[in-house]
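Trainee: What follows is each chain in one-letter form.
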Amino acid sequence: MSDASSKKALICFIANLLRDCNHVAVGASSPIPGAAALLAKAAWSSPRHVNILGSVKNNFLTNGSQELFDCAAQGRIDAFFLGGGQIDGSANINLMGRGEYPNNTPRWPGTFGSAYLYFLIPKVILFREEHSRRVLVDTVDFVSAPGCSAPETYRTGGPYGLLTNKAFFKFEKEKGCFSLKSIHAGSSLEDILDNTGFDFLYDKENTPATPEPNPELLKVLENEVSVKIRDVYPQFSDTIFTH
Amino acid sequence: MIMKIEELASLIKDGCKLATPADYSGVAMAVTRELIRQKKKKLHIIGVPTSGLQSELLIGAGCVSVLESSALTLGEYNPAPRFSAAIKSGSIKLIDATCPAIHAGLQASQKGLPFMPLRGIIGSDILKNHPDWKVIQNPFSQDDDKIVAIPAIKPDVALFHAPFADREGNVWVGRRRELVHMTQASKTAYVSVEKIVDGNLLDDETLAAGVLPNLYVGAVAEAPSGCWPLSFWHGEGEDKEHLDHYKAVAGTQDGFDEYLQQFIFDGEIS
Chain A
12 MSDASSKKAL
22 ICFIANLLRD
32 CNHVAVGASS
42 PIPGAAALLA
52 KAAWSSPRHV
62 NILGSVKNNF
72 LTNGSQELFD
82 CAAQGRIDAF
92 FLGGGQIDGS
102 ANINLMGRGE
112 YPNNTPRWPG
122 TFGSAYLYFL
132 IPKVILFREE
142 HSRRVLVDTV
152 DFVSAPGCSA
162 PETYRTGGPY
172 GLLTNKAFFK
182 FEKEKGCFSL
192 KSIHAGSSLE
202 DILDNTGFDF
212 LYDKENTPAT
222 PEPNPELLKV
232 LENEVSVKIR
242 DVYPQFSDTI
252 FTH
Chain B
6 MIMKIEELAS
16 LIKDGCKLAT
26 PADYSGVAMA
36 VTRELIRQKK
46 KKLHIIGVPT
56 SGLQSELLIG
66 AGCVSVLESS
76 ALTLGEYNPA
86 PRFSAAIKSG
96 SIKLIDATCP
106 AIHAGLQASQ
116 KGLPFMPLRG
126 IIGSDILKNH
136 PDWKVIQNPF
146 SQDDDKIVAI
156 PAIKPDVALF
166 HAPFADREGN
176 VWVGRRRELV
186 HMTQASKTAY
196 VSVEKIVDGN
206 LLDDETLAAG
216 VLPNLYVGAV
226 AEAPSGCWPL
236 SFWHGEGEDK
246 EHLDHYKAVA
256 GTQDGFDEYL
266 QQFIFDGEIS
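Residue numbers (this note's numbering), protein chains in the order written: chain A, 12 to 254; chain B, 6 to 275.
The hints are simulated quantities; they were obtained by calculation from the structure and are not laboratory data. A few of these clues could be false.
[Stated by the list, open to error] When the alpha-carbon atoms are kept at most 25 Å apart in a straight line, the in silico SDA-like pairs for lysine to any residue are as follows:
| no. | chain 1 | residue 1 | chain 2 | residue 2 |
| --- | --- | --- | --- | --- |
| 1 | B | Lys98 | A | Pro117 |
| 2 | A | Lys68 | B | Val216 |
| 3 | A | Lys18 | A | Glu227 |
| 4 | B | Lys245 | A | Thr150 |
| 5 | B | Lys245 | A | Asp249 |
| 6 | B | Lys139 | A | Lys239 |
| 7 | B | Lys133 | A | Pro113 |
| 8 | A | Lys184 | B | Ile152 |
| 9 | B | Lys133 | A | Gly94 |
| 10 | B | Lys159 | B | Gln189 |
| 11 | B | Lys151 | A | Thr167 |
| 12 | B | Lys139 | A | Gln85 |
| 13 | B | Lys93 | A | Thr150 |
| 14 | A | Lys181 | A | Gly169 |
| 15 | B | Lys116 | A | Lys181 |
| 16 | A | Lys18 | B | Pro84 |
| 17 | B | Lys159 | A | Gly169 |
| 18 | B | Lys139 | A | Asp249 |
| 19 | A | Lys68 | B | Lys139 |
| 20 | B | Lys46 | A | Asn74 |
| 21 | B | Lys245 | A | Lys134 |
| 22 | B | Lys151 | A | Gly86 |
| 23 | B | Lys22 | A | Asp210 |
| 24 | B | Lys139 | A | Asp152 |
| 25 | B | Lys133 | A | Asp81 |
| 26 | A | Lys239 | B | Val216 |
| 27 | B | Lys133 | A | Ser160 |
| 28 | B | Lys93 | A | Asn114 |
| 29 | A | Lys68 | A | Val231 |
| 30 | B | Lys151 | A | Arg87 |
| 31 | B | Lys139 | A | Glu163 |
| 32 | A | Lys134 | A | Thr221 |
| 33 | B | Lys139 | A | Thr221 |
Just so it is clear, the structure is predicted and the values come from calculations on it, not from any experiment.
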């Protein structure tokens, strides 16, 4: 699969995960999740509200940049995306840097709102295209936001799953670990085991292939949504659509 | 109240606790270059809730002793070279936060309160490393219910760029309400604007809702394209060529110093 078509497949996959949501918020530099949210809205009018931070057209909030966090605390946001320079098997994420804090090398930008939103948005989808032992580690060097909390800790949200360019894992909250749900075209169980630095549950015989994107949905993406995506993520749009 | 950029920048003293907006909210870059020309020292920058090129330049120029922020990001021009170098050498003190905690700390100051409680955060290394936050029991719950108390963040000055102001110093910020919160939390605000307009902004009710009244404002300076090379409110206007150039040269201190000489010390490009 070409890079453009595998990115389109990821967009369609994520769009399907957002179908049961009313309000989806997307961080500023997340073109694939942003495109997926716009696609789901265009295809099914669900989610009804898509809020792309940093975009003027796709941001309907009027009470400043704190309003998003207030919304999350009240349960008004159903889904959000987080990534991380490191993600471990307990769904802890590290956006701070590799090595020992505070003198990390490399240092990444920082934790942003993750230490808060991960607790308060029910469906947090971890998304990181790179599927390697460098990113998917046994234990993160710095916990920007924990995947699990003690039962007495107030937590209405958390990790739903982890999507990479090789596979989709669901997070099993009770067991506190990921389980492999589907393998994308071009990868295999062996490939995933080789490139994942943490232990996860899997079915040796029967892990399904990730379904190909629905042709109708792809058509909506190409014909209707590509223009909207170009407004928000011009450079990304140039790399996957031939306008 | 209305003054030149040089004069406005001279009001910001060494050691100032300076609240600055994220790149999407109007960064006073022309004033920032003037701060570098005036060789400010020991600034404590608060990124509300994050910071970008502004802090990168101030750090590289040696103006900063503390960076309190939830991130320093140059967006697609990451990683920020002088920030990375400062972290490696330990030349600045970091107070790493998470976005809503910066807002909560400012909100406490805005309301004259000692702290604001905030959900989430418990179990993160952000909490473990933050010098000021405390975990307290929710006093209204019979159960074990811990919550993080964020002490008030009280900046000396809020510094940002806005579309326009009147001659009385009323500043129009539209729906960028974080600029209002940030300003009300600070002792005063110094604002650069695209233009100064005639009349009083509060006379027009449709404009008034988006006005930051001059009660909170200490100084205003006119600075057309005052966000350059950043875009203004994520609209048009990001100078991609310039930012690519910065990324290409700022990897070394020498390259960065040459950049400062060319684009800052040799004067404003108009």
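Trainee: None of the hints should be skipped; say for each whether it holds.
Mentor: Against the structure, the hints:
1. Lys98(B) / Pro117(A): 17 Å, holds
2. Lys68(A) / Val216(B): Distance ~22 Å between Lys68(A) and Val216(B) Cα, so the pair holds.
3. Lys18(A) / Glu227(A): The hint holds at about 17 Å.
4. Lys245(B) / Thr150(A): 37 Å, violated
5. Lys245(B) / Asp249(A): 16 Å, holds
6. Lys139(B) / Lys239(A): 44 Å, violated
7. Lys133(B) / Pro113(A): Distance ~12 Å between Lys133(B) and Pro113(A) Cα, so the pair holds.
8. Lys184(A) / Ile152(B): Holds: Lys184(A) and Ile152(B) sit about 22 Å apart, inside 25 Å.
9. Lys133(B) / Gly94(A): 21 Å, holds
10. Lys159(B) / Gln189(B): This hinted pair holds, its Cα atoms lying about 10 Å apart.
11. Lys151(B) / Thr167(A): The hint holds at about 14 Å.
12. Lys139(B) / Gln85(A): The given pair, whose Cα atoms are some 23 Å apart, holds under the 25 Å limit.
13. Lys93(B) / Thr150(A): With Cα atoms ~22 Å apart, Lys93(B) and Thr150(A) stay inside 25 Å; holds.
14. Lys181(A) / Gly169(A): Holds, at about 12 Å.
15. Lys116(B) / Lys181(A): 43 Å, violated
16. Lys18(A) / Pro84(B): 24 Å, holds
17. Lys159(B) / Gly169(A): 32 Å, violated
18. Lys139(B) / Asp249(A): Answer violated: Lys139(B) to Asp249(A) is near 47 Å, above 25 Å.
19. Lys68(A) / Lys139(B): 38 Å, violated
20. Lys46(B) / Asn74(A): 34 Å, violated
21. Lys245(B) / Lys134(A): Distance ~35 Å between Lys245(B) and Lys134(A) Cα, so the pair is violated.
22. Lys151(B) / Gly86(A): 19 Å, holds
23. Lys22(B) / Asp210(A): 46 Å, violated
24. Lys139(B) / Asp152(A): 23 Å, holds
25. Lys133(B) / Asp81(A): With Cα atoms ~24 Å apart, Lys133(B) and Asp81(A) stay inside 25 Å; holds.
26. Lys239(A) / Val216(B): Status violated; Cα separation ~31 Å.
27. Lys133(B) / Ser160(A): 15 Å, holds
28. Lys93(B) / Asn114(A): Satisfied, since the Cα-Cα distance of roughly 5 Å is no more than 25 Å.
29. Lys68(A) / Val231(A): Given pair Lys68(A), Val231(A) holds - Cα atoms ~20 Å apart, limit 25 Å.
30. Lys151(B) / Arg87(A): 22 Å, holds
31. Lys139(B) / Glu163(A): Distance ~17 Å between Lys139(B) and Glu163(A) Cα, so the pair holds.
32. Lys134(A) / Thr221(A): 20 Å, holds
33. Lys139(B) / Thr221(A): 45 Å, violated
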